[in-house]
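Student: The chain contents come next:
Protein chains: 2
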Amino acid sequence: MTVPNTEDIRMRGFRERSTLEEAISAALDGVKALDTEPVPVTEAAGRVLAVDVVSEIDVPSFRRAMMDGYAVRAEDTYGASAYNPIPLRVVGSSMPGNPSDAPVASGTCVRIMTGAPIPDGADAVLKVEDTTPSKDLVEATAPVPVGRNAARIGEDVRIGDPVLPSGTVLLAQDIGILTAIAVDPVAVVRRPVVRIIVSGDELVPPGESPAGHRIVDSNSPMLATLVERDGGIPEIVRLPDERPAMAAALADDGADVIVTSGAASVGSEDRVPVLVAELGNLAVHGITMRPSAPTGIGTIRGVRTLILPGNPVACLAAYDFFAGPVIRTLGGRPPDWPYRAVTRVLSHRLVSQVGRTDYARVVVDGDTARPIAISGSSILSSVTGASGFVVVPAESEGYAEGTEVTIHCYRGDCAS
Amino acid sequence: MTVPNTEDIRMRGFRERSTLEEAISAALDGVKALDTEPVPVTEAAGRVLAVDVVSEIDVPSFRRAMMDGYAVRAEDTYGASAYNPIPLRVVGSSMPGNPSDAPVASGTCVRIMTGAPIPDGADAVLKVEDTTPSKDLVEATAPVPVGRNAARIGEDVRIGDPVLPSGTVLLAQDIGILTAIAVDPVAVVRRPVVRIIVSGDELVPPGESPAGHRIVDSNSPMLATLVERDGGIPEIVRLPDERPAMAAALADDGADVIVTSGAASVGSEDRVPVLVAELGNLAVHGITMRPSAPTGIGTIRGVRTLILPGNPVACLAAYDFFAGPVIRTLGGRPPDWPYRAVTRVLSHRLVSQVGRTDYARVVVDGDTARPIAISGSSILSSVTGASGFVVVPAESEGYAEGTEVTIHCYRGDCAS
Chain A
1 MTVPNTEDIR
11 MRGFRERSTL
21 EEAISAALDG
31 VKALDTEPVP
41 VTEAAGRVLA
51 VDVVSEIDVP
61 SFRRAMMDGY
71 AVRAEDTYGA
81 SAYNPIPLRV
91 VGSSMPGNPS
101 DAPVASGTCV
111 RIMTGAPIPD
121 GADAVLKVED
131 TTPSKDLVEA
141 TAPVPVGRNA
151 ARIGEDVRIG
161 DPVLPSGTVL
171 LAQDIGILTA
181 IAVDPVAVVR
191 RPVVRIIVSG
201 DELVPPGESP
211 AGHRIVDSNS
221 PMLATLVERD
231 GGIPEIVRLP
241 DERPAMAAAL
251 ADDGADVIVT
261 SGAASVGSED
271 RVPVLVAELG
281 NLAVHGITMR
291 PSAPTGIGTI
301 RGVRTLILPG
311 NPVACLAAYD
321 FFAGPVIRTL
331 GGRPPDWPYR
341 AVTRVLSHRL
351 VSQVGRTDYA
361 RVVVDGDTAR
371 PIAISGSSIL
381 SSVTGASGFV
391 VVPAESEGYA
401 EGTEVTIHCY
411 RGDCAS
Chain B
1 MTVPNTEDIR
11 MRGFRERSTL
21 EEAISAALDG
31 VKALDTEPVP
41 VTEAAGRVLA
51 VDVVSEIDVP
61 SFRRAMMDGY
71 AVRAEDTYGA
81 SAYNPIPLRV
91 VGSSMPGNPS
101 DAPVASGTCV
111 RIMTGAPIPD
121 GADAVLKVED
131 TTPSKDLVEA
141 TAPVPVGRNA
151 ARIGEDVRIG
161 DPVLPSGTVL
171 LAQDIGILTA
181 IAVDPVAVVR
191 RPVVRIIVSG
201 DELVPPGESP
211 AGHRIVDSNS
221 PMLATLVERD
231 GGIPEIVRLP
241 DERPAMAAAL
251 ADDGADVIVT
261 SGAASVGSED
271 RVPVLVAELG
281 NLAVHGITMR
291 PSAPTGIGTI
301 RGVRTLILPG
311 NPVACLAAYD
321 FFAGPVIRTL
331 GGRPPDWPYR
341 AVTRVLSHRL
351 VSQVGRTDYA
361 RVVVDGDTAR
371 PIAISGSSIL
381 SSVTGASGFV
391 VVPAESEGYA
401 EGTEVTIHCY
411 RGDCAS
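From first to last, the protein sequence lines are chains A and B. My numbering applies: residue 1 is where the first sequence begins, and numbers increase by one. My numbering applies: residue 1 is where the second sequence begins, and numbers increase by one.
Source of the hints: derived by calculation from the structure; they are not laboratory data. Each residue gets a CB set at the ideal place from its N, CA and C atoms; glycine is no exception. The reader is advised that the hints may include incorrect statements.
Claimed, not checked - Some, not all, of what chain B presents toward chain A, calculated at C-beta under 7 Å:
#1 Leu137
#2 Leu171
#3 Ile175
#4 Asp184
#5 Pro206
#6 Val216
#7 Leu380
Using the sequences and the hints given, assemble the complete structure.
Tutor: Now the structure itself:
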């Protein structure tokens with residue numbers, strides 16, 4: 001048996017901890033939206049528009065009936081009333097997609113459905129309620145002015161109309177209008193590829209049961225879910241705590257961001273910060289916050305690299321503070337919290353420590369919020385049981401019972 | 001040329017319009033969450049948990065170090081100080097995933113890393129800062145009480161702990177904890193299959209340009225996006241306005257909900273309500289609201305069938321009022337609006353009509369909301385340009401400038 005060198009595990013300590021604000025600045029420094037890629041309009045929902053879209057077509061590209069009735073020359077109906085019905089000869093029929101082949105001459109009309117093209121010669125649609133059928137004639141029982149019930153060319157969207165600005169996160173109705181004006185493919189911001197490197201000899205892959213002295217890697221599926229929520233493409237790399245494998249995964253091409261979890265502290269097995277410093281630049285290591293103090297932020301060959309703690313709650317908090325904003329910014333989205341903020345009154349005191357930012361989980365119950373008392377940051381159930389969290393700034397020693405606080409809500413029911 | 005029978009297009013009118021509330025009741029009547037299906041935990045994000053999850057394992061399943069240092073018998077360290085260092089012989093090393101094969105006997109210790117298993121015989125972890133290395137010994141320079149820095153079995157989650165309740169929409173941290181307790185597959189509510197039937201001879205498929213007297217089918221991609229947002233699986237069927245094809249699409253097996261768009265009014269080409277009444281039961285046809293008045297609600301062989309208007313804005317509004325709640329309920333989700341509600345003051349008068357519910361689009365600008373003046377409900381740009389909408393109830397004739405209104409926000413920036 002080899003007696004280990006105790007120097008190996010000597011805590012070197014974080015030489016200089018950064019504040020939360022410094023760390024966020026370091027994470028976002030120089031980060032901007034990625035390049036543009038074309039995607040089919042039917043696959044563009046949720047993507048971020050990369051250009052200002054201006055319509056190149058008129059919608060509709062033809063004059064369209066807005067009521068069921070008869071396409072007429074308006075002047076033919078002037079003076080019509082129930083006491084003075086004016087007969088018009090029906091010379092054709094215009095259905096949506098099936099226009100009339102007959103034009104409308106004076107004294108004639110064309111039967112028309114809502115949405116159908118208005119035939120040449122007609123300048124209004126007499127609605128069906130203002131007519132009486134009579135063999136192959138129809139009698140107008142009311143006049144219709146020029147243009148009535150007739151949508152003009154370009155009524156919905158005109159050539160040259162600005163339709164959607166660059167930066168729009170495409171909703172259902174945006175997909176609708178882009179389809180309608182035949183913008184396909186759509187130029188959107190490329191989704192950032194996020195390499196998630198999880199290391200630890202004690203980890204078994206998700207889906208397996210933890211045998212012996214092992215635990216399941218619960219961080220990689222959690223991080224992958226967060227990355228997808230934020231518009232990124234997760235790429236999971238699970239490694240033993242071995243230096244060459246870690247170095248290769250950090251230096252490999254193809255990622256727009258690297259997120260590591262585990263091996264983030266300063267013990268001998270905590271290789272990641274050392275490797276990041278060797279392979280690139282380690283701007284931040286150690287942050288005055290709880291949890292997530294062992295977080296590191298660096299850059300390897302231009303790729304922002306976020307070293308997240310291995311313990312699940314610290315990993316989640318550090319993702320939300322540092323990785324999420326980077327991934328959203330790369331994807332052309334606002335860096336802001338993806339959580340809805342609500343205001344509630346504390347039902348109990350929320351203790352914090354001056355000089356350290358706290359990420360305090362709370363349970364919202366009606367108008368109040370109750371801090372979750374927890375011993376360690378590794379207790380994932382403190383997050384799954386929480387409605388959301390309160391950020392207690394470094395200069396605060398916490399809040400007294402009854403204080404109004406802002407809660408960032410994990411769940412939709414937080415604000416109900 | 002055939003002269004059409006004018007009786008064909010005679011507006012029969014909606015025999016009896018339903019109120020919005022009646023229509024919502026009819027849409028949701030008897031609708032409940034679908035059955036359960038197993039999915040791999042790594043694919044369960046965003047799904048709805050169908051069971052109460054109780055842990056069947058302890059996490060961790062072994063005693064785990066919470067600090068880097070030495071696993072010791074606590075009593076060996078009693079009395080230790082910088083002036084009275086107590087030597088302990090290092091007999092092994094315990095790393096995460098690589099436990100020590102040596103137990104800790106009196107006078108010995110095992111070097112240990114955070115997360116590593118605590119060897120037999122040890123009952124505390126002496127942190128590295130409280131030691132001084134000395135050849136193959138280590139000197140304790142402070143005492144450690146029993147249990148300190150040692151996570152007990154089940155500290156995170158214990159066998160029998162309730163972990164997540166049925167009905168939880170699974171977030172990243174939920175996926176994390178389910179993975180950690182080796183719940184795989186996860187029992188979730190099946191996603192409703194939503195058949196989207198779009199009909200119209202004038203429609204060309206999305207991705208094509210509208211030639212001649214045609215328009216692009218912009219409703220099916222819009223509806224598919226909404227269905228996916230609400231947790232459903234869209235299945236698009238695009239048909240000409242032909243009765244046999246429509247009947248077959250309505251009667252086919254395999255859908256949990258049917259949503260049709262187009263051919264919803266009461267003209268001759270508006271076959272869908274007639275077909276629904278023939279094939280099943282048409283509970284509602286015509287609603288006192290604007291837009292979306294021509295909406296119908298029925299049931300065909302137990303499948304709720306929502307007849308949405310063909311014009312895009314009416315289609316969107318009718319989806320949100322009627323189809324969305326049905327799809328979310330089937331999927332085990334709350335039926336409520338999926339939009340964030342904010343309160344703003346109207347910058348201009350918002351006109352409505354007593355006896356009719358209005359879905360009024362507004363633009364939020366700072367503290368105010370401005371109604372979008374629009375002529376027709378077909379103008380999709382009135383929705384893409386809107387921040388959200390105000391629902392003006394049937395008994396109201398609208399709101400004066402300066403009135404505070406609740407806005408349901410389409411976009412994230414609505415409330416910023």
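Student: Does each hint fit the structure? Answer for all of them.
Tutor: Cross-check of the supplied hints:
1. A least Cβ separation of about 9 Å between Leu137 (chain B) and chain A goes past the 7 Å threshold, and the interface hint is therefore violated.
2. Interface hint status for Leu171 (chain B): upheld, as the beta-carbon distance to the closest one in chain A is roughly 6 Å, under 7 Å.
3. Here the hint on Ile175 (chain B) is kept, as its CB sits about 5 Å from the closest CB of chain A, short of 7 Å.
4. Using the Cβ-Cβ criterion of 7 Å, the hint placing Asp184 (chain B) at the interface with chain A is satisfied: the shortest such distance is roughly 5 Å.
5. A cut of 7 Å between beta carbons decides the hint on Pro206 (chain B): the least distance to chain A is about 4 Å, and the hint holds.
6. For Val216 (chain B), the suggested interface contact is upheld, since its CB lies about 5 Å from the closest CB of chain A, less than 7 Å.
7. Given the 7 Å rule on beta carbons, the hint for Leu380 (chain B) holds: about 5 Å separates it from the nearest Cβ of chain A.
Checked against the numbered hints above, the structure breaks only hint 1 and satisfies the rest.
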